[in-house]
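**Q** Below are the chains, spelled out letter by letter.
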Amino acid sequence: MLNQATGTPPDPVVTLRDVHKSFGPLKVLEGVSFEVPRGTVTAIIGRSGSGKSTALRCIDRFETIDRGEIRVCGHRVDAPGLDLRRLRQDVGIVFQSYNLFPHLTIEQNITLAPTAVKGMPRAEARALAAEVLAQVGLGDKLQAYPEQLSGGQQQRAAIARSLAMRPKVMLFDEVTSALDPELTGEVLKVIEVLAASGMTMVMVTHEMGFARGIADEVVFMHRGRVHERGPAAMLEAPTTPELRQFVGSGL
Amino acid sequence: MALTLDFSAVLERWPSFLDGALLTLELAGIATVVGGALGGVAAIGRRSRHAALRRLCEVYVEAIRNTPLLVQIFLVYFGLASLGFKFSAVTVAALALTINVGAYTTEIVRAGLDAIPRGQIEAAEGLALSRAQIYRHVVLLPAIERVYPALTSQFVLLMLASSVTSQISAEELTAVANYIQSDTYRAFETYIVVALVYVALSFLMRAGFWTLGLVLFPRRRRLGTPL
Numbered sequence: 006m007l008n009q010a011t012g013t014p015p016d017p018v019v020t021l022r023d024v025h026k027s028f029g030p031l032k033v034l035e036g037v038s039f040e041v042p043r044g045t046v047t048a049i050i051g052r053s054g055s056g057k058s059t060a061l062r063c064i065d066r067f068e069t070i071d072r073g074e075i076r077v078c079g080h081r082v083d084a085p086g087l088d089l090r091r092l093r094q095d096v097g098i099v100f101q102s103y104n105l106f107p108h109l110t111i112e113q114n115i116t117l118a119p120t121a122v123k124g125m126p127r128a129e130a131r132a133l134a135a136e137v138l139a140q141v142g143l144g145d146k147l148q149a150y151p152e153q154l155s156g157g158q159q160q161r162a163a164i165a166r167s168l169a170m171r172p173k174v175m176l177f178d179e180v181t182s183a184l185d186p187e188l189t190g191e192v193l194k195v196i197e198v199l200a201a202s203g204m205t206m207v208m209v210t211h212e213m214g215f216a217r218g219i220a221d222e223v224v225f226m227h228r229g230r231v232h233e234r235g236p237a238a239m240l241e242a243p244t245t246p247e248l249r250q251f252v253g254s255g256l
Numbered sequence: 182m183a184l185t186l187d188f189s190a191v192l193e194r195w196p197s198f199l200d201g202a203l204l205t206l207e208l209a210g211i212a213t214v215v216g217g218a219l220g221g222v223a224a225i226g227r228r229s230r231h232a233a234l235r236r237l238c239e240v241y242v243e244a245i246r247n248t249p250l251l252v253q254i255f256l257v258y259f260g261l262a263s264l265g266f267k268f269s270a271v272t273v274a275a276l277a278l279t280i281n282v283g284a285y286t287t288e289i290v291r292a293g294l295d296a297i298p299r300g301q302i303e304a305a306e307g308l309a310l311s312r313a314q315i316y317r318h319v320v321l322l323p324a325i326e327r328v329y330p331a332l333t334s335q336f337v338l339l340m341l342a343s344s345v346t347s348q349i350s351a352e353e354l355t356a357v358a359n360y361i362q363s364d365t366y367r368a369f370e371t372y373i374v375v376a377l378v379y380v381a382l383s384f385l386m387r388a389g390f391w392t393l394g395l396v397l398f399p400r401r402r403r404l405g406t407p408l
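Which chain is which? The protein sequence lines are A and B, in order.
Converting from the first sequence to the numbering used here requires adding 5 to each position, the first position being numbered 1.
Converting from the second sequence to the numbering used here requires adding 181 to each position, the first position being numbered 1.
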């Protein structure tokens, strides 16, 4: 990902610099730094409580940080004057628990934000819904309600809902953790295709094999810090005992 | 002790009963619509970021929930009069009932709002919806759906409680009954008829709310799980 002319990496889409965050007396992030270049996939791994989900949520300002700097698509996320809704138009986020709106059809779930936030005409939004749903393999579920879908289908619909806002970066917060193993694959497949299409992505995941296969960079978090960081190949040969132990326990 | 009932004199007055029943329905309708809206707004107010607004809504709810309806009616009636306002008994009755049911609606809707999972709101925030849009599209309808049975029975209760406004001579069903029984000397018969009319009105309202539920919650209609 080097710029041919200057030999420097292109402007990263997401940059965290020395990010600190506490919940009361509990220090969750203690100086987290990493960046995500355009068109790459970063996987954040680590034990429960290592701060990986919090780090991800800080990127979309679902948590406010105590100290440090976060830049996302040109937004200073830590600045008091941040235009939160502009930031969130540029960032798509998918959660562990899908969070589809239960009273709306899948189509309405998807058209809501483009029509309400961007003022997109209804007909155009419906066409867009059909398009993104086809992209996640749910082209026939436009008129279904969330409760009529399996967990894997709901999560794919949630991904489609985010994609309909045409985000510049997608965040995935343990999106397969609530799924049965046999449903995990269909969701990972969708994410894989998305990665291949050049979408910039940051994902918190417990799926080591998946992280190894898809991530350009792996960020291993331990006790609120980035303990190790490098290409996915580092999972094959962990240098620190903490990562070795984590990878060992995960397999 | 032979009980002899003679309804003829009472039933002859059916046009008066009809007028009374219509006014009762009108009072209930106004209070349901306006009080329901008031309660919805106050429920959102109770969750506001502004402490003063939260407090105001709380005081309103507690003031109403801890005083009898009849006293509230008198307070509005004499309060407006001593401020120099001249309103008809019916207007005062509608106002008092609206204020009353608004407070109960506030508490019921608030329970529904509190039951919306945090994740729903985060998902909507993540899609860049504004606070108002989140309330409108994501929170309000599912919240009302959750408490719909409680909400609608509160409105039916209100219709029944509107009989109390006969005390300020609003000519609703119970007030009409009071006149008829003193005219005909057939008190028991009169109140039997009135009780049956109230039952009919309750059924009518419940049927109305059931139908409204089908319109408001199309998912339940589609999935065959009506409220």
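Hint data in this document are derived by calculation from the structure and do not stem from the laboratory.
Just so it is clear, the structure is predicted and the values come from calculations on it, not from any experiment.
Ideal placement from N, C-alpha and C gives every residue a C-beta, glycine not left out.
There may be inaccurate statements among the hints.
[Stated by the list, open to error] Calculated Cβ distances over 12 Å to all of chain A for the following chain B residues:
1) Q253
2) V271
3) F398
[What the hints assert, rightly or not] Estimated spans, in silico, between C-beta atoms of each pair:
4) S27/A x A331/B: 56 to 64 Å
5) A313/B x E136/A: 57 to 65 Å
6) G260/B x T69/A: 17 to 25 Å
**Q** Please go over all the hints and tell whether each is borne out by the structure.
**A** Here is what the structure says about each hint:
No beta-carbon of chain A is positioned within 12 Å of the beta-carbon of Q253/B; the least distance is around 35 Å. Listed as outside the interface, V271/B is consistent with that label: its C-beta sits roughly 38 Å from the nearest C-beta of chain A, beyond the 12 Å cut-off. Under the 12 Å C-beta cut-off, the non-interface status given to F398/B relative to chain A is violated; the minimum distance is some 7 Å. Checked against the hint of 56 to 64 Å, the C-beta distance between S27/A and A331/B comes to roughly 40 Å, which is inconsistent with it.
Against the hinted window of 57 to 65 Å, the Cβ-Cβ separation of A313/B and E136/A comes to about 28 Å, which falls outside the hint. Take G260/B and T69/A: their Cβ atoms lie about 47 Å apart, and the range 17 to 25 Å is violated.
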